[in-house]
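Here the structure of chain A is known, so what remains is to put chain B in place on it, guided by the hints.
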Amino acid sequence: MVEISKQSHNLWVIALSLVFAAVMTIVPIPTWLELWRPDWVALVLVYWVIALPHRVGMVWAWTVGFLLDVLEGSLLGLNAIVLTMMAYIALTLYQRLRMFTPLQQSMTILMLVGTGQILVFWVQTATGRNTADNLVFVLSAVTSALLWPLIFVSLRFWRRSFRVN
Amino acid sequence: MLMFADSRFDYLGKVRYYTAVAVTPLHLMANLPSRISGSFGNFFQSRNEFEAANARLEEELLMLQFNLQKLAHLEAENRRLNELLKASSIVNEVAVRAQLLGESPDPFSKRLLINKGSNEGVYVGQPVLDAYGLMGQVVEVDPLTSWVLLITDPLHATPVQVNRNGVRAIAAGTPDSLHQLTLENVATTADVQVGDVLVTSGLDQRLPAGYPVGVVGSIVNDPGKSFATVHVTPTAQLDRSRNVLLLFSSPEPLPPQPLPETTVIAESEALVQAPTDVAAAPTNNPQAETVVVTEAANSAVPDTSESSGAAPADGAEGPRYFEGRE
Numbered sequence: 046m047v048e049i050s051k052q053s054h055n056l057w058v059i060a061l062s063l064v065f066a067a068v069m070t071i072v073p074i075p076t077w078l079e080l081w082r083p084d085w086v087a088l089v090l091v092y093w094v095i096a097l098p099h100r101v102g103m104v105w106a107w108t109v110g111f112l113l114d115v116l117e118g119s120l121l122g123l124n125a126i127v128l129t130m131m132a133y134i135a136l137t138l139y140q141r142l143r144m145f146t147p148l149q150q151s152m153t154i155l156m157l158v159g160t161g162q163i164l165v166f167w168v169q170t171a172t173g174r175n176t177a178d179n180l181v182f183v184l185s186a187v188t189s190a191l192l193w194p195l196i197f198v199s200l201r202f203w204r205r206s207f208r209v210n
Numbered sequence: 071m072l073m074f075a076d077s078r079f080d081y082l083g084k085v086r087y088y089t090a091v092a093v094t095p096l097h098l099m100a101n102l103p104s105r106i107s108g109s110f111g112n113f114f115q116s117r118n119e120f121e122a123a124n125a126r127l128e129e130e131l132l133m134l135q136f137n138l139q140k141l142a143h144l145e146a147e148n149r150r151l152n153e154l155l156k157a158s159s160i161v162n163e164v165a166v167r168a169q170l171l172g173e174s175p176d177p178f179s180k181r182l183l184i185n186k187g188s189n190e191g192v193y194v195g196q197p198v199l200d201a202y203g204l205m206g207q208v209v210e211v212d213p214l215t216s217w218v219l220l221i222t223d224p225l226h227a228t229p230v231q232v233n234r235n236g237v238r239a240i241a242a243g244t245p246d247s248l249h250q251l252t253l254e255n256v257a258t259t260a261d262v263q264v265g266d267v268l269v270t271s272g273l274d275q276r277l278p279a280g281y282p283v284g285v286v287g288s289i290v291n292d293p294g295k296s297f298a299t300v301h302v303t304p305t306a307q308l309d310r311s312r313n314v315l316l317l318f319s320s321p322e323p324l325p326p327q328p329l330p331e332t333t334v335i336a337e338s339e340a341l342v343q344a345p346t347d348v349a350a351a352p353t354n355n356p357q358a359e360t361v362v363v364t365e366a367a368n369s370a371v372p373d374t375s376e377s378s379g380a381a382p383a384d385g386a387e388g389p390r391y392f393e394g395r396e
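Which chain is which? The protein sequence lines are A and B, in order.
First residue of the first sequence? That's 46 in my numbering, and the numbers climb one at a time after it.
First residue of the second sequence? That's 71 in my numbering, and the numbers climb one at a time after it.
Just chain A, same shape as in the assembly (with noise of 0.2 Å):
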């Protein structure tokens, strides 16, 4: 176990697993359920922050932002910043979340992807870019958080079985 840590950390597998999150952040779905479309990229992301953030940090959250930016057409570095303000306070809480219990994290969660989409929402609304005038553009962070406890105890599987360090 010692001897592949020491070769190789399995980055590809955190790459692979935000390319899926990617995939599924453009899915197409029905309309009316696209409101309640969890941001699937942030939770992979916040994730692998608190689970390695000597390795994944804001340059991960942005580089991912900025595909992500292109693959929606969205505003460009809207994403990027927005994901690398999470990460960000996911970095700064990394060791307290790690103690908190799921009901915790999902509320942390909901905190987090709740504030990311108001930060959206204020840059689409200045740059003349978004018409909605109501606030329910933050069901997806109630989907997020519900998500949370199985998206973390499936990549928590994931890395383990990988070995990704």
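Just so you know, not all the hints are guaranteed correct.
Cβ-Cβ distance ranges computed for the label pairs, FRET-style [said to hold, decoys possible]:
(1) A:L61 with B:F120: 34 to 44 Å
(2) A:W203 with B:V85: 29 to 39 Å
(3) A:L180 with B:V85: 25 to 35 Å
Think of the hints as simulated: they come from the structure by calculation, not from any bench.
Just so you know, even glycine gets a beta-carbon here, dropped at the ideal spot from N, CA and C.
Same frame as chain A, now just chain B:
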């Protein structure tokens, strides 16, 4: 900083342009499930079903060809009449099929991703249709893909006219529904009725005239408001069309227009010069520019014939007019 640069300037166009190629496989991957289920459906369809579909399609083709028989004649006649009226000339349009790759994951924006990009000559502002009507226009072009803004997006407005009587209006998208447009600033006395077909008016010089946009669904005359509330249902199947049509305009060579004899030489020179200047200007989409030239030249000619021999102040409007158009 980056966001500001992207929204205000065009510096990052290239960055996005080339990154888009790298992420195109992800779009294909995201579409795999629906594609696989579609091809499985084809594979397991029975021979009887294929035969039935074939018979139905043949019948449809027969009917469509029957409807087409007189079209060529009518088109030629229409062109002759337009020439008599010295109206703007008709531009031939060629449609190229493109396939849907995805749609914007943002629930507040109605945009589609199609599988043709600048490699196939797609340009920003290009009209996109389906078999039933106008869908939208291209807003962003990458090498292999492009984004289409639908006509029902709240940021999109389509200049339309009522097919029955030519009343002009602007159909804007709404934030609520994918299948609803509203006509803006329609007077309560305007002759618009429920069931009226709206077609593009072409006044924006971007979308070609005469393509169906929608059908008037409801009209509410609120005495407290100065304008009527008119809801329009788009004719295009905005959420069902998997195949869309990209419209390329192939302008006809302009028939030589006899210039009226004028006493002011500078004026006629300006008329001959100006269109070529516009055409020679470096542009990204020469086809769209040519349309502008054609219309500008045609509408300018009767102006001068009326004002021939008049004060030179009238003639000076010629070149200024062209600059404005450009």
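Each hint, compared with the structure:
no., hint, verdict
1, A:L61 with B:F120: 34 to 44 Å, "holds, 40 Å"
2, A:W203 with B:V85: 29 to 39 Å, "holds, 32 Å"
3, A:L180 with B:V85: 25 to 35 Å, "holds, 33 Å"
Going through the hint list in order, the structure satisfies each hint without exception.
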